[in-house]
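With the hints as extra help, turn the sequences into a complete structure.
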Amino acid sequence: MVLKTSLERCMNNHKNQNIKIFVTGPSGAGKTTFIRSISQSEVLTTDVPCTNAKGKKETTVAMDYGSLNLDRYAIHLFGSPGQDRFDFTWDILRQGALGVIMLVGGHDPEQLPLLKKMHDKFLTELTIPYILGVTHQDLAEVWTPAEVADYLEIDPFLCVGINALDENSATDVLVRLFEIIEKEIEG
Amino acid sequence: MSISEELNIVLGGLRSAVPEITAALIATTDGLPVAHSLSSGDPNRLSAMAATALGLGKRICETYGGGEFKENTVSGSEGQMFIYSAGGKAVLGVITKTGGNVGLIHLEARDAASKIATILNRGM
Amino acid sequence: MLFGKIKSIPLPQIVRIIGEKSGVLEIKSPENNLYSFRFARRLFLGAKKQDNPIGDTFALKSMLLELSQKEESFFIFKEVELQEDDVSFSLPAVQLIIASLHSLRTMYQKNLPIFFPDPETVFLSTGNDPSWIGSEFFSFWIEAEPFFAKGTSAKELAKNLPIELEDILFHIYTLRLLNMIKTASKKRTFYLPISDQSDLNSIESHHTNIHLGSDSAAIGSKPPPLPSESSTTAIQIYQSDQQDIKKGLLRRLIYGFKNFFRKMYE
Chain A
1 MVLKTSLERC MNNHKNQNIK IFVTGPSGAG KTTFIRSISQ SEVLTTDVPC TNAKGKKETT
61 VAMDYGSLNL DRYAIHLFGS PGQDRFDFTW DILRQGALGV IMLVGGHDPE QLPLLKKMHD
121 KFLTELTIPY ILGVTHQDLA EVWTPAEVAD YLEIDPFLCV GINALDENSA TDVLVRLFEI
181 IEKEIEG
Chain B
188 MSISEELNIV LGGLRSAVPE ITAALIATTD GLPVAHSLSS GDPNRLSAMA ATALGLGKRI
248 CETYGGGEFK ENTVSGSEGQ MFIYSAGGKA VLGVITKTGG NVGLIHLEAR DAASKIATIL
308 NRGM
Chain C
312 MLFGKIKSIP LPQIVRIIGE KSGVLEIKSP ENNLYSFRFA RRLFLGAKKQ DNPIGDTFAL
372 KSMLLELSQK EESFFIFKEV ELQEDDVSFS LPAVQLIIAS LHSLRTMYQK NLPIFFPDPE
432 TVFLSTGNDP SWIGSEFFSF WIEAEPFFAK GTSAKELAKN LPIELEDILF HIYTLRLLNM
492 IKTASKKRTF YLPISDQSDL NSIESHHTNI HLGSDSAAIG SKPPPLPSES STTAIQIYQS
552 DQQDIKKGLL RRLIYGFKNF FRKMYE
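Residue numbers (the numbering used here), protein chains in the order written: chain A, 1 to 187; chain B, 188 to 311; chain C, 312 to 577.
For the record, the hints were derived by calculation from the structure and aren't laboratory data.
Straight-line Cα separation of at most 30 Å, DSSO-like style, residue types lysine-lysine; simulated pairs:
hint	chain 1	residue 1	chain 2	residue 2
1	B	276	C	359
2	C	381	C	316
3	C	339	B	276
4	C	381	B	276
5	C	466	C	318
6	A	117	C	493
7	C	339	C	359
8	C	360	B	276
9	C	318	B	276
10	C	470	B	245
11	C	389	A	117
12	A	117	C	466
13	C	389	C	493
14	C	493	C	470
15	A	117	C	470
16	B	245	C	466
17	C	381	A	117
18	C	493	B	245
19	B	245	B	257
20	A	117	C	316
21	A	117	C	339
22	B	284	B	302
23	C	493	A	183
Here's what the structure looks like:
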């Protein structure tokens with residue numbers, strides 16, 4: 001299995017067996033769907049009521065979690081809340097994530113400006129390896145991964161298409177992420 | 188008569204009044220070529236550069252308190268280029284060989300620049 | 312397929328994404344007017360409004376202005392090989408980008424557009440030749456260049472230059488499309504995942520390097536992983552330079568002038 005090989009090469013027999021991956025992207029990018037399609041465990045979606053200093057305010061934050069066991073490794077996928085503000089998720093990211101998966105809906109170009117903002121800010125602030133998944137590749141009218149790479153002005157190798165009709169395409173994103181991480185280690 | 192035709196007449200008139208002028212161009216202040224009579228060099232690039240030079244000249248005037256910008260001169264060992272502000276929308280560039288009658292060139296080119304400004308203000 | 316609304320991806324940016332591709336960009340306004348632009352190998356070949364070809368620079372400029380005000384317009388780029396015989400312009404695409412950016416300016420003042428970068432994103436100079444970018448953008452470049460040489464954000468520029476943040480964001484958007492600046496990406500660092508919180512802190516501070524470019528030794532030598540800290544450090548460096556930068560403006564203008572004209576005669 002490609003995923004296992006790439007993961008093992010990437011981890012290079014390191015003792016740690018818990019791998020945390022953070023999934024983020026604009027609203028409607030398909031974060032929950034992505035985690036559902038990859039996870040072996042049942043996906044948890046938690047709604048947390050929040051209180052702020054000024055008093056009670058009914059804010060609901062949803063966080064997706066799914067996991068995947070591969071041989072002796074456990075991959076934990078954390079999905080960021082689907083809302084416009086993204087700064088606070090950076091703090092969660094810091095807590096030991098191996099890599100970041102950014103998703104964007106290729107069918108909905110109105111997500112692109114926010115994606116670019118997130119991506120560029122991420123580039124200047126964090127040092128974690130990342131990959132970009134472009135969802136909805138099964139549709140006829142869709143931005144291809146190469147076009148999104150042109151839009152973001154990044155290496156097309158960092159952009160992978162995700163097709164809901166193809167079971168393997170979500171896994172391919174993880175495979176590519178591990179390849180990128182492996183390159184980082186070598187480089 | 189279209190704006191382009193009118194501008195070409197101005198350029199033609201300038202060149203016949205001062206035979207020392209080897210080429211002339213008109214560009215918009217954002218660097219798009221409008222009309223030119225260049226036989227060598229890239230008119231697109233030169234138009235863009237003339238527009239940038241105009242902006243730089245304006246900034247220098249502002250910074251030393253020189254008032255409203257009128258023209259730049261760029262002299263090389265083989266030739267000279269004069270860059271004139273032609274109203275708020277355009278720039279006139281005039282190229283001559285070194286050693287020309289600068290007084291005459293300025294006289295005719297400033298006149299051409301104000302004609303260009305009038306044509307463009309009327310047309311837009 | 313490249314498509315969307317020019318509200319989220321304005322014309323200059325579309326032209327930049329088209330890059331080397333050949334084909335026709337069609338833009339349909341809400342009133343169902345069809346505008347089209349033809350491109351081949353980074354050249355802009357011509358444009359039409361409905362079926363009327365755009366004949367000269369001024370018609371092109373007024374069409375760009377018209378389009379920039381119809382932000383609900385929908386665009387689609389159709390990749391095809393174009394016949395060379397139908398050419399009314401033969402302009403480097405980047406000059407169309409500059410002209411359409413000027414038009415865009417009239418519209419952006421209404422509200423802070425979504426396509427502007429985040430004020431805290433750090434940009435670095437690419438070292439490309441600025442002599443053709445046009446007067447207005449060049450004026451900004453002259454003042455901001457020393458900051459971009461070290462890496463700076465819109466927020467920092469707003470503190471150091473007498474220019475409004477919105478204007479700075481517009482210029483950063485512009486300079487980026489013109490390839491004068493790029494995002495300053497940190498070196499992607501891999502660190503091994505760990506579950507223990509106490510280990511985490513030590514490993515993070517060890518592995519988080521800031522790479523903002525060759526001149527950033529002073530920033531990089533401190534290891535603050537928090538963005539707030541790192542930007543404060545950067546701001547401090549710039550503040551100490553600020554006096555010199557103001558004093559040296561005329562000198563730099565003249566210096567820019569000199570280099571500029573040398574380029575002109577190349």
